[in-house]
Amino acid sequence: MSLSILKNSIKKGRVTIPLSLSEPACPPDVEKMGQELKKLIHTKFGRSLHIREVDTGSCGACESEIIACSNPIYDIQRFGIDFVASPRHADVLLVTGPVSKNMELALKKTYEAMPEPKFVITVGECATNGGLFRGSYYTHSGLKKILPVVLHIPGCPPSPAIIIIHLKLFIQNL
Amino acid sequence: MEYPNLLKEIIGGEKIAVIESSQPFKDELYLTVENGEFVRLCHLLHKRLNSAVKMFFAEDLRAKLDKYVLYCVFLNEQKRSWIVVQQDIHKDNPVFATLAKDIHSASLFEREIKEMFGIDPQGNPDGRRLKLHDEVWPRGFFPLRKDFSLPPEGSLAGLQYKFKRVEGEGIFEVPVGPVHAGIIGPGHFRFSVAGEPIINLEIRLGWAHKGVEKILEGKTVHEATKVFECISGDTAFGYSLAFCLSIEKAFGVSVPLRAQLLRVIFLELERMYNHANDIGGIALDVGFSFPAQFASLIKEAILQLNEKLCGSRYLKGINVVGGIQKDVDSVKQQLIQQALLKIKSDFISLEEMLFSSVSFMDRVDSTGILRTKTARDLGITGVAVRASGIGLDMRKNLHSIYDSLSFKVIKEQSGDVAARLKVRCNEVKESISIISQCLEKIHTCPSEFRQDAQEKEGFGIGCVEAWRGSVRVWSRINTKGKIERCKIVDPSFLNWEGLSFAVLGNIIPDFPLCNKSFDLSYSGNDL
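Those protein sequences? They're chains A and B, same order as listed.
Per the working numbering, residue 9 is the first one in the first sequence, and the count goes up by one each step.
Per the working numbering, residue 1262 is the first one in the second sequence, and the count goes up by one each step.
Because the hints were derived from the structure by calculation, they are not lab data.
Because the structure is a prediction, the values reported are computed rather than measured.
For each residue, glycine too, the CB sits at the ideal point set by N, CA and C.
Hints are not guaranteed to be accurate.
Stated by the list, open to error - Which stretches of chain B does chain A cover? Using the computed rule of at least three CB atoms under 8 Å from a CB of chain A, they are:
{"id": "1", "stretch": "1397-1404"}
{"id": "2", "stretch": "1439-1453"}
{"id": "3", "stretch": "1489-1495"}
{"id": "4", "stretch": "1608-1615"}
Please construct the entire structure, taking both the sequences and the accompanying hints into account.
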């Protein structure tokens, strides 16, 4: 078992390096963006930015892409970004989904549990204006009326590269 | 006509007065019965066909006909067709006799009908609402009625959901959710435990409810296809395909062979990336991170392949009624072929890592057992039912393009996490073989990939064996070519209950493992 792990880790090498030799390769601009992001986080957040994600009724594609940010190809952790399990540890609340009525209270409680300073970022079309579910009897059309949103990451769903680029924008504008 | 004989065969000997029967499509038989006979006929079909309730839903026809209609759908595995039992409910007396006392799989559907239409299943022991939570939605407002209007502000009754309580010395409750530690959908789990083992797990869902079935009403077929792609993001292709199949039936469109084959390729790609994700997830949940990351590489490779093929990592924007949006040319076909080779070898390494690790196998073996009988009674579908020894697979159970492809339905007997893991692993291999077969066939097939559809009134069932299980859609199109009613059944809808049975007797730390081995959709269930 350990032999096959060793064999594979040697064979695969570092997939994160933007070489076109290894497939699937990381898009070249992610590495550059990421390094800039790292510097920004270092100066503005004291080395690390912690994110708590809350799904308020999304279809799951946004979650899948946010998870993909942490895979070995994009490896967002090397830039100092981490997804945390508790809102008490978080600087940023990442919200996906069209805010179903059922999730409103849980979302507010999560936000209240976060220490100051705290920022809310929306991910995906649904979270900004309800997207395809706009006008439904059971969703709020967008998060803005409920929580103070500082940035929106567009896409349905946004790819990991777009998420990383927007996180950089967020810190830049801070 | 074949169906009168079929009818005789099924009903045989019993005296059940069928008011009306029709067979609009080769694989759909509709039987209308008197209210008193509905329960009897459903029991009979349930027993003789050995089928769970596959769909059970209502339609509001009060505007024209002063009635609601209930449809209860069973699968006839032998004849590879659906049998739909119909019952009229008068608008002034919206009640019906419950099926749930004898057919367990009907229970959740009945609760759904009750909360969405206000038609009361008399005798159903569980009257709690599934999606419209008592805390935020007043009683007496039924969204799927045609004359529904929003409840006025401040009309809440201040009710609380009642959980099942297990009482006794040393028993305590562990509530989890709806916001979880990971990046995952919302659901509330309430464990009753005595020491370590779980005595009861109650899963409360509905948090991601967004009123999809209501939103679909009045939409054109084209608009609706987009909504279908966002019902469960990881099954975007499966959903849009199920919807297109149902509309193609209603419109009477025959899809060109090339489009059918390409649809199979995309459906199998979706199966592969999700299975890779789940296998990785199972490894991650026992803390075995190397294979977990390795699996995420396989997933990412397939997502990137998807993007190259159709411009969307999640296979959105491909399906249209009558075929597919864009062709896959020979260059792209080669891309698939190359990617498959790489994925196959990576996949074999992944399996090697997992199955040769004793401590990993120790965690998954005999954990979270779903017994065959339970799986059948609950109406479980997909990977979970096949891992419990039942070879239910809509790719074989219905007539489709899959008939011309050779593949095995993967089955395991033990019903534990390991069995579900093995089913996934072997299904990926089958998928690779299916895609290769399709690629060979495409070479010799005509270049037409889309048939124009003539909009007309109609209805039909579309069913797809997506990676999680069978996605079922029934839709009715009105004279204007708009959707009149659309019923969606996600594979997770009944499978969630399977999870609450599978975890019994296991310890809470094994729950994430069991959960991941089922990998159910929150969004698809809550709609």
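Quick rundown of the hints versus the structure:
1. Look at the stretch 1397-1404 of chain B against chain A: 3 of its residues bring a Cβ nearer than 8 Å to a Cβ of that chain, three or more, so the hint holds.
2. Under a criterion of three residues with beta carbons nearer than 8 Å to beta carbons of chain A, the stated coverage of the stretch 1439-1453 of chain B is upheld, 8 such residues being counted.
3. Look at the stretch 1489-1495 of chain B against chain A: 5 of its residues bring a Cβ nearer than 8 Å to a Cβ of that chain, three or more, so the hint holds.
4. Only when three residues or more bring their CB closer than 8 Å to a CB of chain A does the claim for the stretch 1608-1615 of chain B stand; here the count is 3, and the claim holds.
Checked against the numbered hints given earlier, this structure breaks none of them.
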